[in-house]
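Letter by letter, the chains look like this.
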Amino acid sequence: MKRVDCSEIDELLGGYALTALDELDEASVQMHLAGCDRHQRTVEELTRATDRLLLAAPEREPRPELRTRILEAIRSEAALASVGLGFSEERLPLGSHACLFHSDEAGLKGTMAFLRAGFDQPEEFGVVFADQGRFDSLGAWLQEGYERSVPSLIERGKLAMIPGAATSDDLIAGIGARLDRALAEGYTVIRLLGFIGWEQLGWPDTASIVEFEQRVNRVVSAYPVAVLCTYDLKKLGGLSLMEGGLRNHPITIMGDRIVRGNPFYLAA
Amino acid sequence: MGAQALRTVKDLEDLYDADRGIAYGLAFHLLQDQSAAEDVVQEAFLAAWRSRGQYDPSKGGLRGWLLTIVRNRAIDRLRHDRLRPEDALDLKTGELSDSSSDPALLGPERLWIREALGSLPDAQRLAISLAYFGGLTQTQIARRTKQPLGTVKGQLRLGLLKLSSMDLARFETIAR
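If you read the protein sequences in the order shown, they are chains A and B.
Those letters in the first sequence? Residues 1 to 268, by our numbering.
Those letters in the second sequence? Residues 1001 to 1176, by our numbering.
Simulated from the structure, these hints should not be mistaken for laboratory data.
Chain B regions said to be covered by chain A (calculated; three or more residues, Cβ under 8 Å):
(1) 1020 to 1030
(2) 1043 to 1055
(3) 1133 to 1142
Pairwise CB distance ranges (calculated):
(4) Arg1079(B) / Gly255(A): 56 to 62 Å
(5) Pro1121(B) / Ala78(A): 44 to 50 Å
(6) Asp1033(B) / Arg156(A): 43 to 49 Å
For glycine and all other residues, C-beta sits at the position ideal for the given N, C-alpha and C.
Please work from the sequences and hints to get the whole structure.
In structure tokens form, the structure reads like this:
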């Protein structure tokens, strides 16, 4: 490869920023830039100009078939995107909202595997949505059987715990803001585990449960997220279980049985 | 302005609807072939979708990011697949004309860039357009315009420096 010194490089930088150099010249410039701050700054400045220049590109209408072709390709890729449940071999597609009914602590603890399955995936972000009072025990549950430190995952922004709120508006706003932040940080897959605290202190009343879960369904369609809500069969009243759980989750899970076309689901 | 993030298929659909004309226009201008340009645009949208986690809004808009991918893919095809013989490129490629839209619909941001490019001396504008929108290397530009290579290098460098020194603040106000 030809070595080019600092005085010769100036005249090549325009062509470099426009990707108009022959391969040998381009390689020489790259080698030079690795050790020259002054020229790196010039290239950054020229690249800002070429980035803006792209917008001067001529406009030309493509055939309508191209839209169909591209969207079909993207949709079939997106349909394949899913996350493993962790506690079973089943998977949840991104954009899905599932409800898990449980009747004891073991059933609830089992859902920690859903979050843990994402900890070692660099593109994944996990979020737990629960009462503040539960955070300590959730932290301990998450740590069981996981060798790295759970608090450090929270510190690194890989896992977040969002507290419940007294109104549906605040609940939805809190979830949306945290998901936006995770996406801005570059995560492309989100697992959300929700501990539903209806009928408990500091939570909206049961009457707003339908509205809340329907809004979750809208959030779910706008983010690359798989949502798993846990419903306690012993603690929650029949109305919450029926309206919140059965009627508003397209997928339901009981034990190791997963029902994908929940017949009670009322599409919004 | 098109979508500002790529999270869902709907965002991608919005991006396509907003920017298909400029993306396809760029690919077609570089490749001068309908089927190759369509392939490049499809590859670019798929690549954007697959690497959506790497898109950093603080470094510029989604449209610019997409167009960079389109151009890189088209240049790869041009240079490595030798898709288009060098001589096939008309020097008129240096002129950027739209086949399908009213210039008034381009939007202030794009009109400003067109004007900025238009304000350069003819030789600099032609050299830059042939390089950037024609996909020629500086050696090829020298051959096609029958000028010494040193002259072309100077035209590219000076033209680009002028563009980068133009009223950036004004551009950013318009672009916002």
